[in-house]
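Asker: This is what each chain is made of:
Protein chains: 2
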Amino acid sequence: MLDLENSRVMDEIEELSSRKRWQEIRDLLFLFEPADIAAILAELPLDRLPVVYRLLPKELAAEVFVEMDPEEQEVLIQSFSDAELKEVLDELYVDDTVDLIEEMPATVVKRILRHSDPETRRSVNEILKYPEDSAGSIMTTEFVDLKRNMTVADALKRIRRTGIDKETINICYVTDPSRRLLGLVSIRTLLLADQEDVIEDIMETNVVSASTMEDKEDVAQDLSKYDFLAMPVVDKEHRLVGIVTIDDAIDVMEEEATEDFELMAAITPTDKPYLRAGVWDTVKSRLPWLMLLMLSATFTGVVISSFEDSLAACSVLIGFIPMLMGTGGNCGNQSSVAVIRGLSLNEIDFSDLFSVVWKEGRVALLCGVLLAAGNFVKLIVVDRILLQNSEVTVLVALVICLTLVCTVFCAKVVGCLLPLLAEKTGLDPAVMAAPFISTIVDVLSLLIYFQFATWLLKL
Amino acid sequence: MLDLENSRVMDEIEELSSRKRWQEIRDLLFLFEPADIAAILAELPLDRLPVVYRLLPKELAAEVFVEMDPEEQEVLIQSFSDAELKEVLDELYVDDTVDLIEEMPATVVKRILRHSDPETRRSVNEILKYPEDSAGSIMTTEFVDLKRNMTVADALKRIRRTGIDKETINICYVTDPSRRLLGLVSIRTLLLADQEDVIEDIMETNVVSASTMEDKEDVAQDLSKYDFLAMPVVDKEHRLVGIVTIDDAIDVMEEEATEDFELMAAITPTDKPYLRAGVWDTVKSRLPWLMLLMLSATFTGVVISSFEDSLAACSVLIGFIPMLMGTGGNCGNQSSVAVIRGLSLNEIDFSDLFSVVWKEGRVALLCGVLLAAGNFVKLIVVDRILLQNSEVTVLVALVICLTLVCTVFCAKVVGCLLPLLAEKTGLDPAVMAAPFISTIVDVLSLLIYFQFATWLLKL
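First to last, the sequence lines map onto chains A and B.
Just so we're aligned, residue 1467 is where the first sequence starts under my numbering, counting upward by one.
Just so we're aligned, residue 1467 is where the second sequence starts under my numbering, counting upward by one.
Hint data in this document are derived by calculation from the structure and do not stem from the laboratory.
Note that the structure is predicted; figures quoted are calculated from it, not measured.
Keep in mind that the hints are not guaranteed to be accurate.
Any copy will do: because identical chains look the same in the list, a pair fits if it lies in one copy or spans two.
[What the hints assert, rightly or not] Each computed BS3-like pair below joins lysine-lysine, with the alpha-carbon atoms no more than 25 angstroms apart:
#, residue 1, residue 2
1, LYS1632, LYS1552
2, LYS1623, LYS1595
3, LYS1524, LYS1486
4, LYS1750, LYS1844
5, LYS1524, LYS1691
6, LYS1750, LYS1738
7, LYS1738, LYS1691
8, LYS1691, LYS1702
9, LYS1632, LYS1524
10, LYS1738, LYS1486
The task is simple: from the sequences and hints, build the whole structure.
Answerer: Below, the structure written as structure tokens:
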């Protein structure tokens, strides 16, 4: 395997293309997988892209096309003659055509639909009807369907005849005359069976399927849970309308994980790779959240202001505010992330609310007490004895440590509750992560801190 | 498909098993996929598990066994007779046997190895030699290998003869007499080709492969990038020693994502599902980080103490400390998460250091200036005019807003640099996320704040 990281490939292609050594470029590209060729072409100046792309043979060209970014796809389509466009479209699977249509501007879409064959156009329109995050929207309609009374020999003959246009032949689906899903049979079973066996005797019944309107994330999770290579998608009447293949499911899982990471860091999800998103796009995805969180920090300001006199009377308390808020934030973050991840892996759901809170409550008490103990020792040994800070009295240390216990408890409970409540109300639980929870926990920790200070230090 | 969420299945099995209606339990279990049956069995009291498990026919039993948690697997193995153990082991694929051995205590491992057939034992020992996170450690040695001079008819015959024991027959590998990998051919190509075609004419050469010592995460990423169903694994002499199948790659991707989520929330990764980890386990995975971060917050305390007099002189400044630290932390978090995710999706690597910093720098300046502007308006309109807080002078607002610009800049640059440096030095970049970065940014933001306050307010 050639290593693409090795940027010499790019230099070589640059040089060959400036010297118009097309045959050599073609031979060089042939050594790579479609995904790598797309990455190489992406580095070319846009005006040279169509020339180099045309060097690829028809079938490979389509595979490379699918792997490209929308910007480059658009440049290519603009440069295609009608005949060339039709050639590429004929090679695409229906779900790839749908992806393409979703990314292109209206004029390009019209041109694409005009040059698709009628059957593809019908399938595309079918798939486009489904909501954005549904199983229907990511399925392909090109699967192998068999009938229950076929023999294995008939089935293999049918696969040989129609398989070339199917996205996968590894799993074949058995349907009745009204297209209802009866069972499935893998190519492995077909090959290992007798030629005379009848499909209905060797097919698996009790097939796990998804419905067209099911969340695509759940379908991807199920594919992974059951180790399937494809998931059949059925409509309300249990008619088989498409399949979701494992490669598309993996893409969904990666996108959803990235989306969770971004939401948890207070970034509006974008689907562009990091270095491809422009500065302004990046600012747009980050600024609104920063602004919101900054302005909501007004509450911490108000709380502190209202205790300004007490703080002036016992100014040593000020220095511990960041530690208390930070520890609270970290605790809340830990439990929210654990719950958010559990929710997206379907390990927990809203009905586990009680067990989650019960668990986090006990974890919080243990953590809180141990942190407080650690901190008490640190305050007395480091601050009072070593640094000779006489303001750190045992009573002050007690205020800080009691605050720690209560803050950690509140933070962990808030941290596990909010994502569960978000899930229940249909919000994305990932929004309820560090930044949002910190803002709440900051206010809580200050209120608890000043309460204990007022009681114990009589401020 | 039956819905497992429906807990009535459990009640039904509980009831049937107390009334010893084994046949009915068996019929009920038959309706589910192996992963679901494992989940159902996991709910049974441990002492009743072996009885119900024995109801399953041999092949299904093995599939269910693989899906179970180590605790239950151990209970089952303890309850097996030697003959039963051998029966299950014979049905397992080599990579599943390896997984099992890695989870079981030494005495159980000995018993497993004693009852595995010699060839399996050799393969298991082979795989166990590879380091924990390597491609070699997750591969299976059961693949279909073909010779270049076979005809398609020969190849299909070979698959029919040996395919039953292979983990997948969807992709077959072509090797030379010294087992070096020459190419691959999919079952689809075989089926669609002429019976008389020779393998070397229809196989794909230039095969992408992984080496045994490669990081399993990179192998999983490559499988996803190239839309492969399996990745061949070769040793240093380019001899084919195994394959990594897509289902195992998905598991790796999910584990790695979970690990990143946990590290980013300052949790030591565990591989137990959320509700299965005990309270003490959870505390152990969270407390050390909390303690470390809490104690490192000592620095913020020291910085604040050293400015105690200035703060006493201008106490309005105290109220804005949480907002400044919070905004800094959120900004650092955004860029570190974007970079960490980019690194784990292989979208960026250390060589992009300059472009990443250049991008984040510009994003930071834009965000900083806009946030400062927003905050300035808020300070003057809300705090000064509406809340009539006369302490919020234009000069104080200026100190706060200049601090914002500088803090946001530092936070974003630190946030993107640290994960890249971690990657370079071989640490997991995910450690350099919110909690760690906040702690650094907290200190930075305070230093910047007090510097501007000293200059502009002449404290």
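Asker: Against each hint, give a clear statement of whether it holds in the structure.
Answerer: Now for the hints, and whether the structure bears them out:
1. LYS1632 / LYS1552: within (18 angstroms within a copy, 41 angstroms between copies)
2. LYS1623 / LYS1595: Neither: 34 angstroms inside a chain and 45 angstroms across chains, both beyond 25 angstroms.
3. LYS1524 / LYS1486: within (21 angstroms within a copy, 64 angstroms between copies)
4. LYS1750 / LYS1844: between (43 angstroms within a copy, 20 angstroms between copies)
5. LYS1524 / LYS1691: between (37 angstroms within a copy, 21 angstroms between copies)
6. LYS1750 / LYS1738: within (13 angstroms within a copy, 38 angstroms between copies)
7. LYS1738 / LYS1691: Intra 28 angstroms, inter 16 angstroms, cutoff 25 angstroms: inter-copy only.
8. LYS1691 / LYS1702: within (24 angstroms within a copy, 34 angstroms between copies)
9. LYS1632 / LYS1524: within (17 angstroms within a copy, 34 angstroms between copies)
10. LYS1738 / LYS1486: The answer is neither: 33 angstroms in one copy and 58 angstroms across copies each exceed 25 angstroms.
When held up to the earlier numbered hints, the structure conflicts with 2 and 10 and fits the remainder.
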